[in-house]
Structure formats: structure tokens, C-alpha cells
Amino acid sequence: MCIRDSNAGAGGESRTINGKVVEAGADLTGVNLSGADLSGLYLVGVNLAGADLTGANLSGADLSGANFLDANLYQANLSGANLNIANLHRADLVDANLSGADLTGADLSGTFLLNTNLRDANLVGADLSRSNRTTADFTGATMPDGTKYP
Numbered sequence: 001m002c003i004r005d006s007n008a009g010a011g012g013e014s015r016t017i018n019g020k021v022v023e024a025g026a027d028l029t030g031v032n033l034s035g036a037d038l039s040g041l042y043l044v045g046v047n048l049a050g051a052d053l054t055g056a057n058l059s060g061a062d063l064s065g066a067n068f069l070d071a072n073l074y075q076a077n078l079s080g081a082n083l084n085i086a087n088l089h090r091a092d093l094v095d096a097n098l099s100g101a102d103l104t105g106a107d108l109s110g111t112f113l114l115n116t117n118l119r120d121a122n123l124v125g126a127d128l129s130r131s132n133r134t135t136a137d138f139t140g141a142t143m144p145d146g147t148k149y150p
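One point on numbering: in this note's numbering, the residue at position 149 of the sequence shown is 149, and numbering is uninterrupted.
Think of the hints as simulated: they come from the structure by calculation, not from any bench. Just so you know, these numbers come straight off a predicted model, no measurement behind them. Note that the Cβ used here is the ideal one computed from N, Cα and C, for glycine as well. Among the clues, some could well be false.
[Stated by the list, open to error] Taking CB as the label site, the calculated pair distances span: (1) Lys148 <-> Asn115: 19 to 25 Å; (2) Asn132 <-> Thr29: 33 to 39 Å; (3) Gly50 <-> Asn115: 19 to 25 Å; (4) Asn32 <-> Ser129: 27 to 33 Å; (5) Pro150 <-> Gly45: 31 to 37 Å; (6) Arg130 <-> Gly45: 20 to 26 Å; (7) Gly35 <-> Gly146: 33 to 39 Å; (8) Ser109 <-> Thr139: 20 to 26 Å.
With the sequences and hints as input, model every part of the structure.
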């Protein structure tokens with residue numbers, strides 16, 4: 001798949017993975033990208049519903065508006081990623097790293113946030129309803145109502 005590097009801009013260089021072409025808004029429903037290094041890539045509006053991203057590195061990636069409905073992000077690294085208005089409904093984020101991620105307006109309803117690192121994440125306007133977050137680390141995070149977590 002061809003994925004644009006977020007540092008290259010809209011017309012910049014692209015990388016190829018598994019011989020498939022992927023542009024912003026591409027449909028990658030159910031794709032297996034477990035362990036893939038997608039750090040710093042431009043994946044705005046990509047549909048990753050039901051995708052397996054176990055242990056994938058998505059740090060610093062631009063995933064704004066992406067669809068992760070029912071996706072497996074177990075132990076994935078999303079630190080510093082842009083997940084503005086992303087749909088993470090019912091996603092498995094157990095042991096995932098979302099430290100410093102921008103989750104403004106994201107749908108995290110019904111997600112599994114067990115042992116999830118959300119330190120210093122921006123969750124303003126995010127929907128955390130029905131999510132299992134009893135062991136998530138929100139230290140320094142800005143919560144959905146705009147307050148800072150201790």
C-alpha cells in the first residue's frame with residue numbers, strides 16, 4: 001500500500017507497503033497491519049474498521065477523521081498521533097500508548113482502555129461513555145470537559 005509521509009505534504013513522497021495504494025480516505029476495512037511501522041504517516045480519513053493493528057507503530061501519524069470501529073490496537077503505539085474526530089468506537093486499546101495524542105472530539109465509546117497510557121493526551125470533547133477505563137493512566141491529560149487530570 002502506498003502511504004504518504006505526513007512530513008512530505010499533500011503532494012510529497014509516498015511509501016509502499018504490501019503493493020497496495022492508499023490515499024487519504026482509503027478503505028482498509030479488516031486489513032492486517034499488525035507490527036507495521038506507520039509512524040509519522042498521513043492517513044487522514046482512512047477506514048480501518050475491524051483492522052488488526054496489534055503492536056503497530058502509529059506514533060506521530062495524522063489519523064484525523066479515521067475510522068477504527070472494532071479495530072484491534074492492542075499494544076499499539078499512538079503516542080503524539082493526531083486522532084481528531086476519529087471513530088474508535090469499541091476498539092481494543094488494551095496496553096496501547098496514546099501519550100500526548102490529540103483525541104479532540106474522538107469517539108472512544110465502548111473502548112477497552114485497560115492499562116492504556118493516555119498521559120498528557122487531549123480528550124476535549126471526546127466521548128468516553130461505556131468505555132472500560134478502570135486501569136487507564138490519564139495523568140496530565142485534558143479531559144472531555146476541558147479539566148486537567150491530576
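* Which of the stated hints cannot be reconciled with the structure, identified by number in ascending sequence? -> 2
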